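Listed here are the chains, written in short residue letters.
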Amino acid sequence: MTTAVSETGSPPEGQVRRPGLLTRARRSFDTHWYAWAMVLPVVVVLTVLVGYPLGRGIYLSFTDANEANIGRTIGVNHIPSTYQFVGLDNYWKVLSGQEGHFYSRLTWTVVWTASCVFLHYTIGLGLALLLNRKMRFRSLYRVLLILPWAVPAFVATFSWRLIFNEKYGVLNAFLAKLGAGPVDWLGDETLQKLSAVAVNVWLGVPFMMVAILGGLQSIPAELHEAAEMDGATPWQRFRHVTLPGLRPVSGTVILLGVIWTFNMFQVIYLLIGQGASSESEILVTYSYRLAFQGVRDYAGSATYGILILSLLLVFAVFYRRMLSRQESVR
Amino acid sequence: MSAMSSGTTGPVKSRVRGERSRGVSVALHTALVVASLVSVFPVLFVVFVSLRGRDGWQEPTKFVGFELSNYTHILKNTEFLTWFGNSVIIALGATVLGVLVAATAGYAVSRMRFPGHRPLMWTFLVVQMFPMAVLIVPLYNILGRLELLDSYTGLILTYCSISVPFCAWMLKGYFDTIPAEIDEAGRVDGLSPFGTFWRLILPLARPGLAVTGFYSFITAWGEVAFATQFMSSEKHYTLAVGLQTFVGQQKAEWGLMTAAAVLITVPAGLVFFLAQKHLVAGLTAGGTKG
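Quick note, the sequences are listed as chains L and X, same order.
The letter at position 102 of the first sequence is residue 102 when you use the UniProt record's numbering, and the numbering goes up by one with no holes.
The letter at position 102 of the second sequence is residue 102 when you use the UniProt record's numbering, and the numbering goes up by one with no holes.
Since the hints were made in silico from the structure, they are not lab data.
Think about it this way: if two alpha-carbon atoms lie no more than 27 Å apart in a straight line, the pair counts; the simulated DSSO-like pairs of lysine-lysine are:
{"#": "1", "chain 1": "X", "residue 1": "251", "chain 2": "X", "residue 2": "76"}
{"#": "2", "chain 1": "X", "residue 1": "62", "chain 2": "L", "residue 2": "177"}
{"#": "3", "chain 1": "L", "residue 1": "167", "chain 2": "L", "residue 2": "177"}
{"#": "4", "chain 1": "L", "residue 1": "167", "chain 2": "X", "residue 2": "62"}
{"#": "5", "chain 1": "L", "residue 1": "167", "chain 2": "L", "residue 2": "193"}
{"#": "6", "chain 1": "X", "residue 1": "251", "chain 2": "L", "residue 2": "193"}
{"#": "7", "chain 1": "X", "residue 1": "235", "chain 2": "X", "residue 2": "76"}
{"#": "8", "chain 1": "X", "residue 1": "235", "chain 2": "X", "residue 2": "251"}
{"#": "9", "chain 1": "L", "residue 1": "167", "chain 2": "X", "residue 2": "251"}
{"#": "10", "chain 1": "X", "residue 1": "251", "chain 2": "X", "residue 2": "62"}
{"#": "11", "chain 1": "L", "residue 1": "177", "chain 2": "L", "residue 2": "193"}
Stretches of chain X that chain L covers, calculated by requiring three or more beta carbons in the stretch to come under 8 Å of a beta carbon on chain L:
{"#": "12", "stretch": "25–31"}
{"#": "13", "stretch": "48–59"}
{"#": "14", "stretch": "104–112"}
{"#": "15", "stretch": "115–123"}
{"#": "16", "stretch": "136–149"}
{"#": "17", "stretch": "259–272"}
This structure is a prediction, so every number in the text was calculated from the model and none was measured.
Virtual Cβ for every residue (Gly too), placed ideally from N, Cα, C.
Just chain L, with the same shape it has in the complex (with noise of 0.2 Å):
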């Protein structure tokens, strides 16, 4: 019982007769108990507050429920649920386009993940191969480079808003000096996802940078100067020795990335989430939205998130598998 530190496997095996299932249970909680009870905290939360929450929303994504027919207490009296349970008839409405337009929005959250996790990381890692050179100003770049990231998302966004303002953003004063006349940066609607992208760019690269400036430092010299006596260009050098020695790394941001990404809040509603066309939204910020507005449906709501978490599990099964394939390749 005193044995928790560096404890290795189960009980031990190989015994003639495998004692009763009461007395291995006994056994395995006097091996066992003390990692259980540092864990137990943890499993609390998680089933509390994660747990709990997820089977309550996959129960209400098959039932009916808004806020008309929802339990809840006014004052002393307490109003008793009438929702129903409609099995799969949520999911029907949603998967075959009859209702919120899913396709065209899962259409534009991908469009979204994609461009702004590609912009992400090609930036981030454009910007890292130029910082990681012996030169002047380096870690002043470095410092005004992170900059970005510093600042709290919804701050970052409110301030983009301004300088994105029709009539006295920054931005559009500039294009009036050219000549230009003003854009309506967050009205039009392609002009909308274009600026949201720019946003949640300029807030994402620094990550990025970062994140690959280490796995830089981690690639040997030697393999750079060995490929460089081979007679390598420096596009060989780039292809045949950076990129594979960044692939842990870029593995890592990239999942983070696209999960980050895929499920961003604040930039989208603060930006442009709030206004009357909804166009833009991503499906997070539209599953928000039904939750919240109007006549709440929360069963509607319930119904986007579960999808929401069903693609990510897929992407992120696919693409691990799809990592593990290569390094098995190689």
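Chain L is already provided as a structure; the job is to place chain X on it using the hints.
Chain X in isolation, oriented as in the chain L frame:
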């Protein structure tokens, strides 16, 4: 390595590695200066507008009329300081609670092999993928039933659920780097596993704790969706909610918004620059080690 390339004859070839021709050097610095301008401009612009008085934002290209009226106004006549205090209380609460919970779990997962070990690690990963959209409605209903809506406790608990899995994941990676001999030494000296953890490992893991603490702090500090729905009375707004009131649908007090933005960013930014180096190492280490 310089010996090998400096022996050759041509003017280009004879450069030592790490040196560049003038043209390349100019191009390099130009690219970095342009990138730095793009990255710094919005921040400087906000500082600039905040110093231009209540309506200075309407003439963004003028360089006159600097005053501090926006700052004095938000500090004196708005609830800004209350919101700031709320944000600090909630973010600190979420940080302390989250890091404590995550540290014990991270340690157990790092040092002990127990039934349930793998599923737990797996859960940590999956929870990071949860869009808040799945959880927000059920959490809203649950907190409503527990009468924790519009309270600090409710939001602190919510933020814990966001940051704990990730923190546990990062801390596991950090504990893995502390040699197991230290635990053994503690055990020999008669400490219990928990004593070893508390007296020996936690102090050694201080940098890792700082990084995860910082991560959960900024997560809570910058969260919008939960705070907007859960905190319904103005007294309990966090900064993320309060800032929206300056630039709502009807009025647009951009002057006040910019001043508030500066006041929100300065403390967060300072802490950030102290922690960012470790933050990246922690983030990527947790992920790549698996």
